[in-house]
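2 protein chains.
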Amino acid sequence: MKDREKIPKATIERLPLYYRCLDKMSTFEDVDVVSSKDLGGKLDIPSTQVRKDLSYYGEFGRRGVGYNVNELKRSVGKILGVNRTWPAALVGAGNLGRALVNYGSFKMMGLEITCVFDNDLDKIGNVINDREVKSVQDMPGKVEKNNIKLGIISVPADAAQTVADLMVEAGIKAIWNFAPTRLYVPEDVSVKNEDLAVGIVSLIYHLSWQEEMDV
Amino acid sequence: MKDREKIPKATIERLPLYYRCLDKMSTFEDVDVVSSKDLGGKLDIPSTQVRKDLSYYGEFGRRGVGYNVNELKRSVGKILGVNRTWPAALVGAGNLGRALVNYGSFKMMGLEITCVFDNDLDKIGNVINDREVKSVQDMPGKVEKNNIKLGIISVPADAAQTVADLMVEAGIKAIWNFAPTRLYVPEDVSVKNEDLAVGIVSLIYHLSWQEEMDV
Numbered sequence: 275m276k277d278r279e280k281i282p283k284a285t286i287e288r289l290p291l292y293y294r295c296l297d298k299m300s301t302f303e304d305v306d307v308v309s310s311k312d313l314g315g316k317l318d319i320p321s322t323q324v325r326k327d328l329s330y331y332g333e334f335g336r337r338g339v340g341y342n343v344n345e346l347k348r349s350v351g352k353i354l355g356v357n358r359t360w361p362a363a364l365v366g367a368g369n370l371g372r373a374l375v376n377y378g379s380f381k382m383m384g385l386e387i388t389c390v391f392d393n394d395l396d397k398i399g400n401v402i403n404d405r406e407v408k409s410v411q412d413m414p415g416k417v418e419k420n421n422i423k424l425g426i427i428s429v430p431a432d433a434a435q436t437v438a439d440l441m442v443e444a445g446i447k448a449i450w451n452f453a454p455t456r457l458y459v460p461e462d463v464s465v466k467n468e469d470l471a472v473g474i475v476s477l478i479y480h481l482s483w484q485e486e487m488d489v
Numbered sequence: 275m276k277d278r279e280k281i282p283k284a285t286i287e288r289l290p291l292y293y294r295c296l297d298k299m300s301t302f303e304d305v306d307v308v309s310s311k312d313l314g315g316k317l318d319i320p321s322t323q324v325r326k327d328l329s330y331y332g333e334f335g336r337r338g339v340g341y342n343v344n345e346l347k348r349s350v351g352k353i354l355g356v357n358r359t360w361p362a363a364l365v366g367a368g369n370l371g372r373a374l375v376n377y378g379s380f381k382m383m384g385l386e387i388t389c390v391f392d393n394d395l396d397k398i399g400n401v402i403n404d405r406e407v408k409s410v411q412d413m414p415g416k417v418e419k420n421n422i423k424l425g426i427i428s429v430p431a432d433a434a435q436t437v438a439d440l441m442v443e444a445g446i447k448a449i450w451n452f453a454p455t456r457l458y459v460p461e462d463v464s465v466k467n468e469d470l471a472v473g474i475v476s477l478i479y480h481l482s483w484q485e486e487m488d489v
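As given, the protein sequences belong to chains A and B, one line each in that order. Under the numbering used here, the first residue of the first sequence carries the number 275, and numbering increases by one thereafter. Under the numbering used here, the first residue of the second sequence carries the number 275, and numbering increases by one thereafter.
Hint data in this document are derived by calculation from the structure and do not stem from the laboratory. Given the structure is predicted, the values throughout are model-derived calculations rather than measurements. It is possible that some hints are incorrect.
Identical copies look the same in the list; a pair holds intra-copy or inter-copy alike.
[As the list claims (entries may be wrong)] For lysine to any residue, the following SDA-like pairs were computed, each having C-alpha atoms within a straight-line distance of at most 25 angstroms: (1) K280 with Q323; (2) K352 with N403; (3) K326 with Q435; (4) K381 with G368; (5) K408 with I286; (6) K408 with D394; (7) K381 with K408; (8) K311 with L481.
Take these sequences, add in the hints, and give me the full structure.
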């Protein structure tokens, strides 16, 4: 394997797409072997790119034959770290937080939201998907005790930094941030900002172009 | 402007990031002029790439001076089509659907969810952010009558294709799909799949690498 630090970010971002696709192929489509062309075709990624991405991590598949779907899925899963379960603490039990706790596809990706916190007295004590919502004051203790490294923030923008600070102090090393604001964290903590509004824009761009053509 | 079909997909996907960043600069930071280096720096995009992306759409800014923040924001907004409001129909008033209807940052991106539908009798009649949830049977009529072109699907995976078919028949031309499944639609309809589980994987990848280093 190449030095991980030298692997392009774009490659890392494509790995989950390969993983999902391979998982679907093995589970629903009963496919045993796949070529880089077919795998790329399903994801709109050129086959040369697929081969290059995978080559950073070793030798997979056989020239002229293709990849064994299950083997490649296992290998990519291991690279991604999704072959084990990562417990996560979620703060913010509003609609989005509840949707995330109930979201079915996280487990396959190695994520399990094991505890949920809020500061709203109306929400504390509620049960979402078998998890009782606890006071956010209990979060640091719970995170430390269970050695949780992953935090999810689904609170309003103006509360997000306070929550992030608490998480970092408790030992969280990776934050998935759904609040539409930038977080400031120490260098050894990763933040992934999930900005839902960005997703819609490419669709609006296409719509607006289509209307222009129709005129 | 270049032929729109020849503009790289990656460029189009970076435009919303520029737009959000410019909007924040003009609203919260009171910045008048920005260089491609500063704009790129905030987004982790090389300045050469920023200049190249914008150059597809015309001449903006002045060499050695930079871009006027408000002018560039307006121009990018117009390119994206977010300078007007696009009404959208949402089907699936579960937690995720409710979170989307309540999400504050869509309006800035030109999206307004004007009507909400579900097939669950317990949800029909509820009010979310001033919108009454209607029966999904009323969706086609409402979409046609109001000439809605944008549909959002936040139903379980096994119901998504049926909803998509109804939307297409009613005249929807762009679908934002939150159901974790692939949709089959005619060529003139765009689909953007929002797969929340993909977002977590890059964080887990970093965590898993970090633990390996710590051992």
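Against the structure, the hints:
1. K280 with Q323: Classified as both; 16 angstroms inside a copy, 20 angstroms across copies.
2. K352 with N403: Classified as neither; 28 angstroms inside a copy, 43 angstroms across copies.
3. K326 with Q435: Result: close neither inside a copy nor across copies, 38 angstroms intra and 34 angstroms inter.
4. K381 with G368: Both ways: K381 and G368 sit 21 angstroms apart in one copy and 20 angstroms across, limit 25 angstroms.
5. K408 with I286: Cα proximity of K408 and I286: none, with 35 angstroms in one copy and 42 angstroms across.
6. K408 with D394: Within one copy, since 10 angstroms is at most 25 angstroms while 30 angstroms is not.
7. K381 with K408: For K381 and K408, the Cα distance is within 25 angstroms only inside one copy (22 angstroms; across copies 32 angstroms).
8. K311 with L481: The answer is neither: 30 angstroms in one copy and 31 angstroms across copies each exceed 25 angstroms.
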